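If you want the building blocks of each chain, they are given just below.
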Amino acid sequence: MPVAPLGERAAILHMREVDKTFSGQVVALRRMSLQVNEGDFISLLGPSGCGKSTALRLIAGLMPPTLGRIEWEAGAGADDIGVVFQEPTLMPWATVEKNVFLPFRLRGQRFPAVRDRIHEVLALVGLEKFAKSYPRELSGGMKMRVSIARAIATNPRLILMDEPFAALDEITRQKLNDDLLALKASTGATVIFVTHSVFESVFLSDRILVMAARPGRVISEIEVTAPYPRGLEWRTSPRYGEVARQTSDALNGALHPVGGLVA
Amino acid sequence: MTISTDTETAKHVAHDKGPMYDADEERRARRKRNEEIAKYVIPVVVMSLAIWFWDRLVVWNEIEPYILPRPGLVLSTLIEDWGTLSSSLLVTLQITGLALLVAVVGGVGLAVLFSLSRFAEMSFSPFAVILQVTPIVSIAPLIFIYVESRLVGLLLCAWIVAFFPILANTTLGLKSADHNLRDLFTIYRANRWQRLVHLQLPSALPYFLGGLKIAGGLALIGAVVAEYVAGTGGIGSGLAFRILEAGYRLQIPRMFAALILIAVTGVIIYATTSLIAHFALRKWHESALKRE
Numbered sequence: 001m002p003v004a005p006l007g008e009r010a011a012i013l014h015m016r017e018v019d020k021t022f023s024g025q026v027v028a029l030r031r032m033s034l035q036v037n038e039g040d041f042i043s044l045l046g047p048s049g050c051g052k053s054t055a056l057r058l059i060a061g062l063m064p065p066t067l068g069r070i071e072w073e074a075g076a077g078a079d080d081i082g083v084v085f086q087e088p089t090l091m092p093w094a095t096v097e098k099n100v101f102l103p104f105r106l107r108g109q110r111f112p113a114v115r116d117r118i119h120e121v122l123a124l125v126g127l128e129k130f131a132k133s134y135p136r137e138l139s140g141g142m143k144m145r146v147s148i149a150r151a152i153a154t155n156p157r158l159i160l161m162d163e164p165f166a167a168l169d170e171i172t173r174q175k176l177n178d179d180l181l182a183l184k185a186s187t188g189a190t191v192i193f194v195t196h197s198v199f200e201s202v203f204l205s206d207r208i209l210v211m212a213a214r215p216g217r218v219i220s221e222i223e224v225t226a227p228y229p230r231g232l233e234w235r236t237s238p239r240y241g242e243v244a245r246q247t248s249d250a251l252n253g254a255l256h257p258v259g260g261l262v263a
Numbered sequence: 001m002t003i004s005t006d007t008e009t010a011k012h013v014a015h016d017k018g019p020m021y022d023a024d025e026e027r028r029a030r031r032k033r034n035e036e037i038a039k040y041v042i043p044v045v046v047m048s049l050a051i052w053f054w055d056r057l058v059v060w061n062e063i064e065p066y067i068l069p070r071p072g073l074v075l076s077t078l079i080e081d082w083g084t085l086s087s088s089l090l091v092t093l094q095i096t097g098l099a100l101l102v103a104v105v106g107g108v109g110l111a112v113l114f115s116l117s118r119f120a121e122m123s124f125s126p127f128a129v130i131l132q133v134t135p136i137v138s139i140a141p142l143i144f145i146y147v148e149s150r151l152v153g154l155l156l157c158a159w160i161v162a163f164f165p166i167l168a169n170t171t172l173g174l175k176s177a178d179h180n181l182r183d184l185f186t187i188y189r190a191n192r193w194q195r196l197v198h199l200q201l202p203s204a205l206p207y208f209l210g211g212l213k214i215a216g217g218l219a220l221i222g223a224v225v226a227e228y229v230a231g232t233g234g235i236g237s238g239l240a241f242r243i244l245e246a247g248y249r250l251q252i253p254r255m256f257a258a259l260i261l262i263a264v265t266g267v268i269i270y271a272t273t274s275l276i277a278h279f280a281l282r283k284w285h286e287s288a289l290k291r292e
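One line per chain: the protein sequences are A and B, in this order.
For the first sequence, this note's numbering begins at 1 and goes up steadily by one.
For the second sequence, this note's numbering begins at 1 and goes up steadily by one.
These are calculated hints, taken from the structure and not from any lab test.
What you are looking at is a predicted structure, and each value in this text was computed from that prediction instead of being measured.
Careful, some of the hints might be misleading.
[Unchecked claim] With a straight-line Cα cutoff of 30 Å, these simulated DSS-like cross-link-like pairs (lysine-lysine) come out: (1) A:Lys175 / A:Lys129; (2) A:Lys129 / A:Lys98; (3) B:Lys39 / B:Lys283; (4) B:Lys283 / B:Lys213; (5) B:Lys175 / B:Lys32; (6) A:Lys98 / B:Lys283; (7) A:Lys132 / B:Lys175; (8) B:Lys32 / B:Lys283; (9) B:Lys175 / A:Lys98; (10) A:Lys175 / A:Lys98; (11) B:Lys283 / A:Lys132; (12) A:Lys132 / A:Lys175; (13) A:Lys129 / B:Lys283; (14) B:Lys175 / B:Lys283; (15) A:Lys132 / A:Lys98.
Let the hints inform the model, and build the full structure from the sequences given.
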């Protein structure tokens with residue numbers, strides 16, 4: 001599914017001046033505004049405590065904002081979300097296909113009616129042979145693939161990913177990054193991706209929101225204009241290095257607000 | 001020189017056969033094999049020795065059978081009195097089984113109610129705790145005064161002891177679903193019922209089965225203790241009554257025979273509940289997995 005250029009995409013979600021405060025004193029997120037458009041791949045990049053996961057939980061509807069509003073465009077509902085957590089978060093008592101079946105089941109659908117779709121997404125993540133396996137029989141990377149398959153199975157308008165590859169080794173992580181982009185290319189999905197890796201965010205996204213901690217806030221937005229599909233060529237291009245440098249600088253500004261490398 | 005050639009040949013043979021095991025692995029494998037065998041042999045040998053020693057003790061000290069009978073006499077009494085003993089065993093088994101069944105239904109039902117409503121938990125859990133911490137022997141006499149039917153009274157006593165571990169464990173299990181999975185269910189707009197059936201009950205299964213193992217043994221204890229309190233009289237008496245009766249009549253071999261039946265029943269209940277747990281969990285739960 002082709003994705004429109006950055007400036008011409010239809011909005012699906014607005015965060016307007018969102019604040020999140022815990023116990024009335026800990027400011028997890030301050031005045032965050034964000035417009036998510038159809039087909040965007042947005043990374044929320046920042047150190048621990050910058051509120052990137054809080055932002056994701058707010059968008060997922062797991063908690064209400066303290067101030068500000070989160071508005072969905074008509075046609076897209078807040079229940080039209082796929083989520084991938086840092087842990088695979090699979091049900092250990094269910095087979096791979098039954099795990100992917102979960103979002104359908106909770107919508108009241110029967111397994112035979114969606115079996116083909118489930119096997120289709122399992123093929124997309126390269127696990128069609130493991131449909132009847134239990135999660136414990138899979139490696140960490142394979143479990144994450146199941147988790148991704150579950151998130152995309154229902155073709156949600158928006159996929160939220162909370163540091164999904166942080167616990168994996170570098171080789172598996174790169175492979176999954178490639179596969180994630182391939183998936184995005186074939187489905188046209190809209191993704192918000194939380195990470196603390198500069199390189200991952202530059203490789204994957206077309207928009208990077210750099211965030212800072214105490215209080216959690218967005219300090220810079222970087223557009224990555226490199227065209228998809230991206231692969232090894234992008235990863236090794238001079239432009240990639242430049243954007244990574246620029247992002248890194250913005251992030252360092254976040255880590256050292258005084259006397260940092262502010263561009 | 002010869003030795004080194006031998007080693008060479010051995011290595012070649014090993015290579016031809018495919019995977020080669022080094023000395024350490026062989027040692028481990030041997031130890032594991034031996035342990036496998038010892039697991040069954042040692043208990044049997046020690047148990048036989050103990051019985052033999054019991055027999056010798058009686059013979060050497062010329063102990064009278066009405067003080068301590070020889071194992072052979074206990075066995076022959078068991079066979080001779082099988083008619084009476086087996087019908088009593090059946091009564092004890094029925095009470096134990098029924099009490100366990102009601103404990104499972106009641107314990108799980110109450111645990112689900114607690115998980116659905118915090119107010120229900122606050123209201124009823126004090127009663128459950130009081131019932132649990134009060135020794136059954138002290139409640140039983142009252143129960144037999146208020147309850148007309150002896151069978152119902154016995155059942156009630158056995159149930160009181162058996163249901164608490166199931167209630168406590170299942171309540172804990174229903175609360176211990178993975179927090180990310182809970183978030184996922186929230187995001188997918190799961191209703192209360194879906195959350196219970198597809199998330200909480202499967203998460204609670206290992207806890208429930210742990211409670212069941214304990215409750216099985218307790219149901220038997222409850223059934224036996226209650227019968228002691230209920231005392232003699234009435235038809236359909238269980239094994240505890242046979243023990244009391246034989247005690248009054250100084251039929252010590254019969255006491256032993258009934259005692260053995262109770263012990264064997266307890267072991268069988270434990271083995272059965274363990275087997276149920278194993279088969280219910282073997283596909284996915286850590287407790288039932290062998291490390292590869």
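Verification of the hints:
1. A:Lys175 / A:Lys129: holds (19 Å)
2. A:Lys129 / A:Lys98: Measuring from Cα to Cα gives roughly 14 Å; hence the hint holds.
3. B:Lys39 / B:Lys283: Since the Cα atoms of lysine 39 of chain B and lysine 283 of chain B sit roughly 24 Å apart, the hinted pair holds (cutoff 30 Å).
4. B:Lys283 / B:Lys213: Between lysine 283 of chain B and lysine 213 of chain B the Cα gap is close to 19 Å, so the pair holds against 30 Å.
5. B:Lys175 / B:Lys32: Status violated; Cα separation ~39 Å.
6. A:Lys98 / B:Lys283: holds (14 Å)
7. A:Lys132 / B:Lys175: The given pair, whose Cα atoms are some 28 Å apart, holds under the 30 Å limit.
8. B:Lys32 / B:Lys283: holds (24 Å)
9. B:Lys175 / A:Lys98: Satisfied, since the Cα-Cα distance of roughly 22 Å is no more than 30 Å.
10. A:Lys175 / A:Lys98: holds (25 Å)
11. B:Lys283 / A:Lys132: holds (12 Å)
12. A:Lys132 / A:Lys175: holds (24 Å)
13. A:Lys129 / B:Lys283: Measuring from Cα to Cα gives roughly 18 Å; hence the hint holds.
14. B:Lys175 / B:Lys283: holds (22 Å)
15. A:Lys132 / A:Lys98: holds (8 Å)
Comparing the model with each numbered hint stated earlier shows that hint 5 is the single one that does not hold.
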